[in-house]
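Please work from the sequences and hints to get the whole structure.
Here is what each chain is made of, one letter per residue.
2 protein chains.
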Amino acid sequence: MCQLLGMNANTPTDVMFSFTGLATRAAEHQDGFGIAFFEDRGLRHFIDPVSALHSPVAEMVRRYPIRSEVVIAHIRKATVGEVALQNCHPFVRELWGRYWVFAHNGDLKDYAPRLHGAYRPVGGTDSERAFCWLMQELAKAHASVPSVDELSCTLRELLPQPAAHGTFNMLLSNGQALWAHGTSQLYSVERRHPFVTTRLADEDLSIDFAAHTTPQDRVALVATQPLTRDEDWQAFAPGELRVFRQGQRAP
Amino acid sequence: MCQLLGMNANTPTDVMFSFTGLATRAAEHQDGFGIAFFEDRGLRHFIDPVSALHSPVAEMVRRYPIRSEVVIAHIRKATVGEVALQNCHPFVRELWGRYWVFAHNGDLKDYAPRLHGAYRPVGGTDSERAFCWLMQELAKAHASVPSVDELSCTLRELLPQPAAHGTFNMLLSNGQALWAHGTSQLYSVERRHPFVTTRLADEDLSIDFAAHTTPQDRVALVATQPLTRDEDWQAFAPGELRVFRQGQRAP
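Chains as they are written, first to last, in numbering that gives the first Met the number 0: chain A, 0 to 250; chain B, 0 to 250.
Wrong hints could be hidden among the right ones.
Copies of the same chain look alike in the list, so a pair counts if it fits in one copy or across any two.
What the hints assert, rightly or not - Cut-off 25 Å, straight-line C-alpha distance, at most; resulting in silico cross-link-like pairs (DMTMM-like, lysine to aspartate or glutamate):
{"no.": "1", "residue 1": "76", "residue 2": "149"}
{"no.": "2", "residue 1": "139", "residue 2": "207"}
{"no.": "3", "residue 1": "108", "residue 2": "156"}
{"no.": "4", "residue 1": "76", "residue 2": "39"}
{"no.": "5", "residue 1": "108", "residue 2": "149"}
{"no.": "6", "residue 1": "139", "residue 2": "156"}
{"no.": "7", "residue 1": "139", "residue 2": "231"}
{"no.": "8", "residue 1": "76", "residue 2": "230"}
{"no.": "9", "residue 1": "108", "residue 2": "81"}
{"no.": "10", "residue 1": "108", "residue 2": "58"}
{"no.": "11", "residue 1": "108", "residue 2": "189"}
{"no.": "12", "residue 1": "76", "residue 2": "38"}
Keep in mind that the hints were calculated from the coordinates and are not lab data.
Source: prediction; values computed, not measured.
Structure, rendered in C-alpha cells:
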C-alpha cells in the first residue's frame, strides 16, 4: 500500500525526512517515492521511480535540511499505471499563480471524469486524473482567487465525487494550507515546541525537526499510519476533510 | 549573466552535469540554478536558489547518471525578481497532457502581456511571465494536440512578441523536441557517437556523456557560449528559432 505523509508548520521549519526504514520493506514499496516542499510560493519537487533505498534523490533529501511550511510526501506501491517517472506522486499543477501539490493513496474504479479544462494527466494513474479534475473544478468554481475558507467549502463539495469511485485518502496543498481527506486510513496529530526532544520514528518514514524551533512553533502531521505510539493521532472518519493552517487544524 | 544549456539526444542518454566550475565564479552566479530532465513523458525538475557550489541538489545532480532525451539547465544571475525559489529557472507547466519546460536568458523591458488564460506566474520574473504567455497562446492556437512542426510554426509567430521587449534567448521543450530561440547570444552544435572520448568542458558547466553509447547515437547541444573550442558551434542569428529532434536540428 502507498504511504502518505503531510506536514504543515506555522513557521518555515527545518525538516529532514528519512527513508532508511524503507530498506526493510523494499519489496513492498519499490515503485518510487516523491516529496514536495513549499517555501513561500516556491516549490521543491523530488520524485524517483525507484526504491528510496537506492535513489540518490532520496539520499539527498535525507541530508538536506529544507525549511518549509508545507510538505507532502508519498511512497508508491504501483496498482494503477506503470512504474514510470510520470506516475510518481506528488503531482504538481499551477492555478491562480500558485503551485498545487497532490498525493493520493487508494484506488478509484471506473473513474473517467470529463476533463474539458486546462488540466490533463501526463501519466496513466487514476490519481493524476482525479487531481486534474479537482483543479479544473476549482478553477470553474471561483472567478478570482478565493480564500482558504472558500477553497475548503468548494473542496468539501467536490471530494465526494472521486471518493465515490473507491478509496480516496489524499493530501492537497497550495502552500497556504494543507487539505487532507480520508476515506479508509488517515491520521493526524498536532504538535508543539520543543520538537527536537521527540523524534518521530516509523519503519517507513521518519521526520527529524531540527533544533532552532521557538516556543511559538506548531506543526501538524497527517499520515497513513500513526508515526508514534505515545501521541494522540486522530483517525479520520470516512469522507472527512481536515484543513491545516499555521501548524494547526482549522475549525 | 545567466547561462543556458540545452541537450537533445535521439536515445535516452546517461548525462551527468558538473557545476564544479562554478566555484570559480561564485560571485557572478550565486543566485541559484535549475535543471530539468525529460524521461519519456515524465520530468525531473531540480532547482535551488543558492550557489551551485553549496547546493546539495547540485551535488546530487553531479553524481546521478540520469537517462534523458531532453535536458534544459539554467544558472541564474538575478536581474529582475528577487532571489527566491519561485524565481528559479527552468519553469514548468502542463499543456495537452505534457510537461513544458522553459528557461530564459535576458531582460524584457516594460513587458506586461495580457494573461487571461490558465497560466499565471508564481514568481516575479519577466521570464515566467513570457512563459505563461507562450503557453496561453499555444493553447489558444491549437484546438487539439498539434505536431512538432505545427508547434514550431506557431512558436515562430509568437516568439518575436516577447523578443521585441529586449533580450530573449530561450529554451523550451515538451519532451518531444527542443526549441531554442536566440536574440543576442546562443550557440548550438551537433555531435555523434562516440561521445565518451570528448568530454565537454567549460569554466561554468560541463557534461559528461557516460559510456554505453552506440554508433547510432546523436546529440545536439545549445548553450549561451560554446562549451568547447574544437567543435563547430553555430551562432544563432538574431531572432532565429532552431528546433532539435532526435538529437539533430530539424529542417
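Hint check results:
In the homo-oligomer, the alpha carbons of residue 76 and residue 149 never lie at most 25 Å apart, since the shortest distance is 34 Å inside one protomer and 39 Å across protomers. Taking CA atoms no more than 25 Å apart as the test, residue 139 paired with residue 207 passes in neither setting, with 39 Å inside one copy and 47 Å between copies. In this assembly of identical chains, residue 108 and residue 156 lie within 25 Å of each other by CA distance solely inside one copy; the values are 20 Å within and 44 Å between copies. For a Cα distance limit of 25 Å, the shortest separation of residue 76 from residue 39 across copies, 21 Å, qualifies, whereas the shortest one inside one copy, 30 Å, does not.
For the identical chains of this complex, residue 108 and residue 149 are neighbours neither inside a copy (29 Å) nor across copies (37 Å), given an alpha-carbon limit of 25 Å. Taking the shortest Cα distances, residue 139 and residue 156 sit within 25 Å of each other inside one copy (13 Å), while across copies they are farther apart (30 Å). In this assembly of identical chains, the alpha carbons of residue 139 and residue 231 never lie at most 25 Å apart, being 38 Å within a copy and 51 Å across copies at closest. Proximity of residue 76 and residue 230 under a CA criterion of 25 Å is satisfied in neither setting, with 27 Å inside one chain copy and 47 Å between copies.
Proximity of residue 108 and residue 81 under a CA criterion of 25 Å is satisfied intra-copy only: 16 Å inside one chain copy versus 45 Å between copies. For the homomeric pair residue 108 and residue 58, neither the shortest alpha-carbon distance inside one copy (35 Å) nor that between copies (42 Å) is at most 25 Å. For the identical chains of this complex, residue 108 and residue 189 are neighbours neither inside a copy (33 Å) nor across copies (48 Å), given an alpha-carbon limit of 25 Å. In this assembly of identical chains, the alpha carbons of residue 76 and residue 38 lie at most 25 Å apart only when taken from different copies (20 Å versus 28 Å within one copy).
Checked against the numbered hints above, the structure violates hints 1, 2, 5, 7, 8, 10, 11; every other hint is satisfied.
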